[in-house]
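**Q** Start from the sequences and build out the full structure, keeping to the hints where you can.
Order-wise, the sequence lines are chains G and B. Numbering that gives the first Met the number 0 puts the first sequence at residues 0 to 300. Numbering that gives the first Met the number 0 puts the second sequence at residues 0 to 270.
If you are wondering where the hints come from, they were derived from the structure by calculation, not from laboratory data. It is possible that part of the hints are untrue.
Label pairs and their in silico Cβ distance ranges [said to hold, decoys possible]:
hint	chain 1	residue 1	chain 2	residue 2	range
1	G	A51	B	P58	31 to 37 Å
2	G	L285	B	L178	32 to 38 Å
3	B	T212	G	L216	48 to 54 Å
Every residue gets a Cβ at the ideal spot worked out from N, C-alpha and C, and that includes glycine.
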Amino acid sequence: MIGAAAASIPRRRWPRVSPGVLFALPALFLVMAFAVYPLVYNLYVSLTDASAFRQITSFVGVHNYRQLVSNPVFWKITGQTALWALLTVSLQMVGGLVAALLFARPGLGRGFFVGVTLSSWATSYVVVAILGRWMFDSRLGVVNDLLLRSGAVGDPVNWFSSQGTAFFALVVMNAWKYFPFVMLMYLAALQGIPVELYESAQIDGASFLRRFTDVTLPMLAPVTAAAAFLTTIWAFNAFTIIWVMTAGGPLRSTETLPIAIYRLSFSAFNYGSAAAASVVLFAMVLILAVAYFRYGNRADV
Amino acid sequence: MGATLLLVGRIVFLIVTMFPFIWMILTSFKRLDEFFTFPIRWLPSEWRWSNYANIFAEPLFLRSAMNSLLIASTVALFAVVVAVLAAYGIDRFRFRGNAALLFTIFGFQFFPIVVFLIPYFIVLTRLGLSDSLGGLWLAYLPMAIPLAVWMLRSFIRQVSRSLEEAALIDGCTHLGALLRITLPAMRPQLIAAYVLVFVSVWDEYIIASVLTTSPVNRLLPVHLTFYMREMTTDWGSLMAASVVMTLPLIIPFIFLARFFQTGFSAGSVKG
Numbered sequence: 000m001i002g003a004a005a006a007s008i009p010r011r012r013w014p015r016v017s018p019g020v021l022f023a024l025p026a027l028f029l030v031m032a033f034a035v036y037p038l039v040y041n042l043y044v045s046l047t048d049a050s051a052f053r054q055i056t057s058f059v060g061v062h063n064y065r066q067l068v069s070n071p072v073f074w075k076i077t078g079q080t081a082l083w084a085l086l087t088v089s090l091q092m093v094g095g096l097v098a099a100l101l102f103a104r105p106g107l108g109r110g111f112f113v114g115v116t117l118s119s120w121a122t123s124y125v126v127v128a129i130l131g132r133w134m135f136d137s138r139l140g141v142v143n144d145l146l147l148r149s150g151a152v153g154d155p156v157n158w159f160s161s162q163g164t165a166f167f168a169l170v171v172m173n174a175w176k177y178f179p180f181v182m183l184m185y186l187a188a189l190q191g192i193p194v195e196l197y198e199s200a201q202i203d204g205a206s207f208l209r210r211f212t213d214v215t216l217p218m219l220a221p222v223t224a225a226a227a228f229l230t231t232i233w234a235f236n237a238f239t240i241i242w243v244m245t246a247g248g249p250l251r252s253t254e255t256l257p258i259a260i261y262r263l264s265f266s267a268f269n270y271g272s273a274a275a276a277s278v279v280l281f282a283m284v285l286i287l288a289v290a291y292f293r294y295g296n297r298a299d300v
Numbered sequence: 000m001g002a003t004l005l006l007v008g009r010i011v012f013l014i015v016t017m018f019p020f021i022w023m024i025l026t027s028f029k030r031l032d033e034f035f036t037f038p039i040r041w042l043p044s045e046w047r048w049s050n051y052a053n054i055f056a057e058p059l060f061l062r063s064a065m066n067s068l069l070i071a072s073t074v075a076l077f078a079v080v081v082a083v084l085a086a087y088g089i090d091r092f093r094f095r096g097n098a099a100l101l102f103t104i105f106g107f108q109f110f111p112i113v114v115f116l117i118p119y120f121i122v123l124t125r126l127g128l129s130d131s132l133g134g135l136w137l138a139y140l141p142m143a144i145p146l147a148v149w150m151l152r153s154f155i156r157q158v159s160r161s162l163e164e165a166a167l168i169d170g171c172t173h174l175g176a177l178l179r180i181t182l183p184a185m186r187p188q189l190i191a192a193y194v195l196v197f198v199s200v201w202d203e204y205i206i207a208s209v210l211t212t213s214p215v216n217r218l219l220p221v222h223l224t225f226y227m228r229e230m231t232t233d234w235g236s237l238m239a240a241s242v243v244m245t246l247p248l249i250i251p252f253i254f255l256a257r258f259f260q261t262g263f264s265a266g267s268v269k270g
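**A** Okay, structure coming up:
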């Protein structure tokens, strides 16, 4: 008995810190140092009437949030943010899937094609936005030139003068930048589908189309969820492409939440309201991020 | 037959998706008056390097390019070093709070940067680093590290543990095993992660534009927007500068494509 008790005494009295934690410590410290203060700061400022035009800042409780929620412009911009995310994510997913299916089979210069396709991903956001402005220019743009030559339109389209066409230009350029990322995820997933599944489907007499809808698509479901969550989060956060291409115009019709927050901080200098809007955007993204880790990370990228 | 069709499909797809890129290069060789002719001409009447000569004669362009190169290369190096340790710690050890740790480090890259601008400005001002390259350098770390951890974790997971375990039995420390066994087995992957982080910093616009004000501290993306003014846009310089900013990155991307892909496939079996 005594011997057994002695053996069960743990060799260390203090809970041992796993070397894993020690390895992660520098990264954790640096990220936390830069994350915690801004988050707490934003939360605090959102409860005050801080502004560049006010000497003394006072605590106003949830006043900023109440104003935000009762402001129809806030809801309009939130709606636009969701619409922008929906459109650009859809296009990225379709583009990425088509590319992955085209490049999945080895041979025929596959490596070259995949590599070159990545170049739009390597292109800077500012450059993508500038290219968008140049290509969709109403007079000198190549998009109008193509449309006019092919007879698709009779008169040049003024892309940046209405919400629908301006969103179209933004969505296309943003999807152009990010579809290679979706393609990479799909390519990885396609290679993970066991060949036996196709073979047995073929033995069962499944047509090419049936094999695609009954084998390929279901096997791609987890990676589709992961890619959709990630690109939705990025779309909610997107700033540069919209700022440089349309600056939210015409008449704030392509403005999304990050642009609105930027304007509140750096044009209106209304820090309290900007911080409140930041907290709301932050909460939305946090919900998406938690959902990604819970449901989207099955594919584990 | 099927192979030919597939090849044609690949070529057509590539031409369509590369079109903006081709257009940028074509435009960069045009002369000023060719930008404004209507209907537009697709090819430059003569291939001229004058737009490139103009930007390279501009001290501010060179300065911002050097700033960007300096910041992106050093931030990426530091981030990869810190992230290798973190990725190794998170992947190779099971401990309580493992998932929470991962979420905290990963989570940061999901946060909208616009939320952090004013707090960053305040912190950097207090540190005496406002409007400086050093301040920018610090501000990019929390963005670069999570990205590097994300990529490197899936790379480290692909490296077999058996050699590491043998080294540990022989009395090697964990750090020694990482440095002598694991890292040498993943050199191309380290380069892939470095390039990815480099690009994300090289790419960044909003932090650079808000946290610096003096022209000498500008980064390249901010400098580009200065070619666009209220009434006129200097399309020639813009397109030439865009090509210069993008082309050098595409070459490593093409060569590293294979590794980016395995970076995203590593966890098809969740561990």
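**Q** Hint numbers the structure violates, sorted upward?
**A** none
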